[in-house]
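Visitor: Let the sequences and hints guide you as you build the complete structure.
Each chain, written out:
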Amino acid sequence: MVLMTTATAEPASQADQAPRPVLMKGNEAMAEAAIQAGCDAYFGYPITPQAELLEWMARRMPELGRVFVQAESELGAINMALGAAATGARVLVSSSSPGMSLMAEAMSYMAGSEVPMVLINVMRGGPGLGSIGPSQADYFQATKGHGHGDYRVPVLAPSSISEAVALTADAFEVAERYRTPVIILADGVMGQAMEPVVPVYRTPAREPAGWELTGAVERDPRVVRSLHLRPEELEAHNHHLQAKYAAITEHEVRWAGEDLDDADIVIVAYGTSARVARTAVERAREQGLRVGIFRPISLWPFPSAELAAVALGARAVVVVEMSAGQMVEDVRLALGGRTPIFFHGRTGGMVPTPGEVVEAVVHAAAVTAPHLAGHPSPDGTKAVTR
Amino acid sequence: MSTLTSDTRRVIYQRPEALVDTSTHYCPGCGHGIIHRLVAELLDEMHLAPSTIGVASVGCSVFAYDYLAVDFVESPHGRAPAVATGVRRVRPDAFVFTYQGDGDLAAIGTAEIVHAAARGERISVIFVNNGIYGMTGGQMAPTTLLGQHTTSSPAGRDAGLAGYPIPITEMLALLPGVTYAARGSIADPPLIGRTKAMLRRAFQVQLAGAGLSIVEILSTCPVGWGMTPTEAMAHVAHDVVETYPLGVMVDRLKVPATGAREA
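Protein chains in written order, with the working numbering: chain H, 5 to 390; chain L, 232 to 494.
To be clear, the hints were calculated from the coordinates, so they are not data collected in a lab.
Backbone N, C-alpha and C fix where the C-beta goes; we use that ideal spot for every residue, glycine too.
Where hints are given, some of them may not hold.
Just some of the chain H residues that point at chain L, by a computed CB distance under 7 Å [as the list claims (entries may be wrong)]:
{"hint": "1", "residue": "Arg-63"}
{"hint": "2", "residue": "Glu-67"}
{"hint": "3", "residue": "Val-71"}
{"hint": "4", "residue": "Met-84"}
{"hint": "5", "residue": "Ala-90"}
{"hint": "6", "residue": "Ala-110"}
{"hint": "7", "residue": "Leu-264"}
Guide: Spelled out as structure tokens, the structure:
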């Protein structure tokens with residue numbers, strides 16, 4: 005399902021008319037997309053499987069007279085990003101899971117001090133040093149966690165390299181619109197795979213922000229900070245942040261659906277798992293099963309209402325992840341026990357096969373077949389298989 | 232600084248413009264007030280305030296931005312040299328300094344200061360060493376003197392248990408990326424004047440486009456040390472300097488290495 009073919013040469017007359025696909029590696033495509041989006045500065049630290057992103061930036065950013073620094077650690081990289089972004093610069097950092105854990109501290113500070121920045125996490129297997137294989141085990145971390153305190157960060161999950169290119173530009177726009185860090189949650193396959201893409205680059209417009217640090221010339225000094233020692237003041241700040249998160253939840257939900265119109269079984273998957281699921285849907289439909297895919301693109305805000313509406317007409321939902329079951333918790337919250345939920349996950353750097361997903365779909369279809377349709381437990385937990 | 236008024240009274244001492252007219256949260260006898268003033272005087276005298284972006288660190292001095300009338304970004308604990316690196320790289324014309332305590336710079340932030348120094352980042356580091364974690368209630372710092380009683384070394388710092396004070400500025404002075412490294416004190420007016428000269432030199436190094444400059448300033452924490460302000464100043468003057476001798480450790484702007492740019 006990951007296309008490895010190179011683009012074939014076209015006659016010159018045709019090449020003039022249609023943009024020619026280029027073979028791109030995910031990490032490099034995201035790096036170039038950030039450059040084309042107007043990224044002023046990149047800070048990083050080598051880690052597999054995102055190292056090509058850093059290497060691309062090491063070559064390209066100095067060529068363009070922009071900033072590239074290989075930091076002493078992920079702590080160093082993201083704090084450099086904090087400093088640069090506090091001056092209003094458009095800043096990118098990237099890492100993979102263990103590095104993301106080190107970046108958690110500054111994510112909390114940047115959320116608190118409302119500094120926009122884009123962070124790409126090319127997930128690998130965990131916990132601990134784990135493996136360098138692709139994984140989606142950082143879903144909890146990205147959507148619920150990283151650092152301390154009451155905050156949220158928009159999380160965008162690409163499912164193809166073309167989409168990764170588009171989402172990179174979108175991420176800068178969302179970051180600046182809401183003054184927040186934004187995570188692009190990719191996985192080792194998204195980072196390492198090569199496929200022909202017609203990259204559609206975009207440079208989001210820059211709005212004068214009015215908070216950024218430029219030196220106090222003919223204005224009062226500005227402070228970018230997260231410290232509010234008076235509890236009343238900090239509570240007011242938290243109310244302000246929560247209002248912002250409510251606005252993001254209202255306006256920034258993204259998802260895509262395929263074959264949902266007649267679907268009895270809805271597969272919920274994102275990123276590489278969704279790519280596998282697409283192949284599984286084709287095979288399952290060949291067997292006469294009416295299956296569709298609901299693919300969250302924004303993991304936070306999670307498309308809860310949209311999924312609930314889609315699942316209303318379905319017999320069962322099958323969640324597929326490269327984790328032991330993380331997004332499935334948001335699916336349960338979204339569906340509130342109204343639809344039975346099944347789960348299939350692989351961990352540790354393993355990728356589910358289309359065959360496994362078809363099997364999970366067949367199982368879900370059998371268990372929830374109309375002649376058996378007794379009384380699925382209210383929260384669907386009895387129907388969940390691992 | 233002196234101005235001639237119409238009735239011929241001469242103003243010889245006044246609040247620098249870069250110092251905010253407000254009351255202080257620092258304890259009586261704390262050295263931060265003196266050091267803030269030195270920084271503010273230099274920002275005025277060297278006309279730096281409008282181009283300055285300061286980096287505040289974690290500790291009592293996080294509130295430096297309440298007293299110094301310049302743009303500031305607040306850093307996580309110890310990360311100020313990394314934050315300053317980010318500011319510096321995207322703002323080549325800004326004047327960038329960090330203001331860090333000894334817990335911040337010499338414990339949790341050692342990686343960040345060492346690598347900012349190794350890269351020769353064009354920033355000035357104001358490193359205030361009072362040998363204790365003041366803000367959290369007077370715990371032992373890596374800079375705490377041997378035998379010194381703190382709330383986390385109640386029997387006195389024991390080298391066998393807690394190791395030795397870190398002469399981190401001397402360590403940094405070894406790195407070619409550090410253009411200027413010096414240690415001053417605020418124990419008496421002549422020393423304060425000398426420290427101001429060190430800070431001025433550090434700022435000049437940055438303006439000259441040379442590498443990292445750092446001035447360590449031996450300061451006081453009377454509350455954390457269990458001393459009166461007067462006793463604390465005497466302690467710095469007579470005891471602390473035994474472990475941390477004053478002086479300029481390196482000034483590479485004066486002696487350019489082969490191929491290095493002239494001052």
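Visitor: Go through the numbered hints given earlier and state which of them the structure violates, listing their numbers in rising order.
Guide: 1, 2, 7
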